[in-house]
Amino acid sequence: MRAWDRAARRWGRLLVGLPPYVWLVVFFLVPFLIVLKISLSQALMAIPPYTPLLEWGEGTVLTIRLAFSNFATLFSDELYAFAYVNSLRLAGIATLFCLLIGYPAAYAIARSPRSVRSWLLLLVALPFWTSFLIRVYAWIGILKTEGLLNSLLLWLGIIDTPLQILETDRAVLIGMVYSYLPFMVLPLFATLEKMDLSLLEAAADLGCRPFRAFLSVTLPLSLPGIIAGSLLVFIPAVGEFVIPDLLGGPDTLMIGKVLWAEFFDNRDWPVASAVAVAMLLLLVVPLMIFQKLQNRETETAR
Amino acid sequence: MTGWGRNRATALYVLLGLAYAFLYVPIVVMIIYSFNASRLVTVWGGFSTKWYAELVHDEKVLDAAWLSLQVAVANATLATLLGTLAAVVLVRFRRFRGRTLFTGMIAAPLVMPEIITGLAMLLLFVAMEQTLGWPEGRSMTTIVIAHVTFSLSFVTVVVQSRLAQMDASLEEAAMDLGARPAKVFLVITLPVIAPALLAGWLLAFTLSIDDVVISAFVSGPGATPLPIVIFSKVRLGVSPEINALATLVVVVVAVAMMVAGRVMLNRERRPHLAETSSPQPL
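For the protein sequence lines, the chains are B and L, in the order given.
Numbering-wise (the numbering used here), the first sequence opens with residue 1111 and increments by one.
Numbering-wise (the numbering used here), the second sequence opens with residue 5 and increments by one.
Quick caveat, the hints were computed from the structure, so don't treat them as lab data.
We treat Cβ as the ideally placed atom computed from N, Cα and C, and that holds for glycine.
It is possible that some hints are incorrect.
Unchecked claim - Residues of chain B placed beyond 10 angstroms of chain L at every Cβ, according to the derived structure:
id	residue
1	F1192
2	P1214
3	S1383
As the list claims (entries may be wrong) - In silico lysine to any residue, SDA-like type, Cα no more than 20 angstroms apart, as pairs:
id	chain 1	residue 1	chain 2	residue 2
4	L	K54	L	R43
5	L	K237	B	N1405
6	B	K1304	L	K54
7	L	K54	L	L71
8	L	K187	B	K1304
9	B	K1304	L	R166
10	L	K237	L	V259
11	B	K1402	L	K187
12	B	K1402	L	T104
13	B	K1402	B	L1333
14	L	K187	B	L1333
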């Protein structure tokens, strides 16, 4: 009976674990291997538009053709290098601004009366639930040369010629900070809310000024939230396509836009794949830190 | 309010208010201008609902909305199912082979740039069609598969935290009384984590109905979801018709969220036998 039980339990575990595991391997892991494979093949005017890596030659000779030319293209054409650097730069600045705006907001929510806290939190999460595309779109009407912001500033007499904001990197930054702000606030709130406030009292009792106490107690304790929030903003922002496409100009180069153009406009699947592989390589370290953090969350939660 | 004075508190709430203003002003402006009679963006030509009327007669938009709705429901249901199973695996199964790979595959889609996921999914579908003959072209099926793949992780995170907070002694008691694991899950665990399932379902639903980039890769001429239609219109510039469409989307989602939020807050306020709330200072 006991043995039967154990066997049943093992089957039960498999039954629970296998579906998500298999799904993720087939539809998440394998696709990346295919991207890697295609990044090493050559473009072809065919369906699908790339050469096979493995080919059965005469008899049974299996030839492997690896084309590193796509990666060579990435290195030789400085457009790609510029796009990568610019993506990292814009994503970095956006992350910084999200932190500067998001930290005080998360702090205020975490210290607000319990009765309103859930609602304040819901108000932060709500834009995240409404359409991302629409929220980016909403900024076009505001930032246009003849848009609302310029009209307002002209009317107030602050400027006398309209500012060119739309179709610049600045507009892309505004869009990124706006879209990703909730991702920064929510993890920050989670760590700040969990904080033991008696630590601050202890610091105050020992004669520590509030600002000092913030620097030496609150800030270090909220570090996991800062890192989690920053990664949640930075990683997707590096590969962002919709925001630079709608708010940026023709010379706003970001790697997501380059990949899109290679794939949809040039129909060069191998180069698009190589761009994706190179982007992933840039993101490997942040991704690994993120996974570590997620893991620790699971461990401590248990 | 120990540790910080009144002024500091006021300053903090002003900053919070500014952050909310930043988050909400663009949406409010867009909603106001959806009722603008004038086609020009900055000129107020009087109140009108004609853009909404125009929308109702736009076949293409209606078709796309219907498709998106179907995809979102299918995706949310499938993602909740798989995501919940994954959460059970992460919280209840301590050690198993390939755990690191599994947690990696759950964490990565949360932050992976959509453009990479989209490209990878499309290349997989093309390779599968070549070798297996399935799926034939790009259709609703391919969109659902792609959406489930990236949204199931979000469900897992939501369900996982609820599951971890849950008092395990109830499950153990039921087990001691001879209930089989499957029964314990259905009778004890499921009711307790139900709010998280609802939250996860809604999250997966909105992620799907909102997605542009991944859908652009895996959708075909026969199956165009709403965000793709909106995106191609938006690329041509601002128009009151899109404002109207966007307003409808925002209102529907906001109402759904408010209702869901109410339900969940009420549940949390009611002391529930089966739960131990996490320790909260203050």
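Here is how each hint holds up against the structure:
no.	hint	in the structure
1	F1192	18 angstroms, holds
2	P1214	4 angstroms, violated
3	S1383	7 angstroms, violated
4	L:K54 with L:R43	11 angstroms, holds
5	L:K237 with B:N1405	41 angstroms, violated
6	B:K1304 with L:K54	50 angstroms, violated
7	L:K54 with L:L71	25 angstroms, violated
8	L:K187 with B:K1304	34 angstroms, violated
9	B:K1304 with L:R166	16 angstroms, holds
10	L:K237 with L:V259	26 angstroms, violated
11	B:K1402 with L:K187	34 angstroms, violated
12	B:K1402 with L:T104	10 angstroms, holds
13	B:K1402 with B:L1333	14 angstroms, holds
14	L:K187 with B:L1333	41 angstroms, violated
In this structure, the earlier hints numbered 2, 3, 5, 6, 7, 8, 10, 11 and 14 are contradicted, and the remaining ones agree with it.
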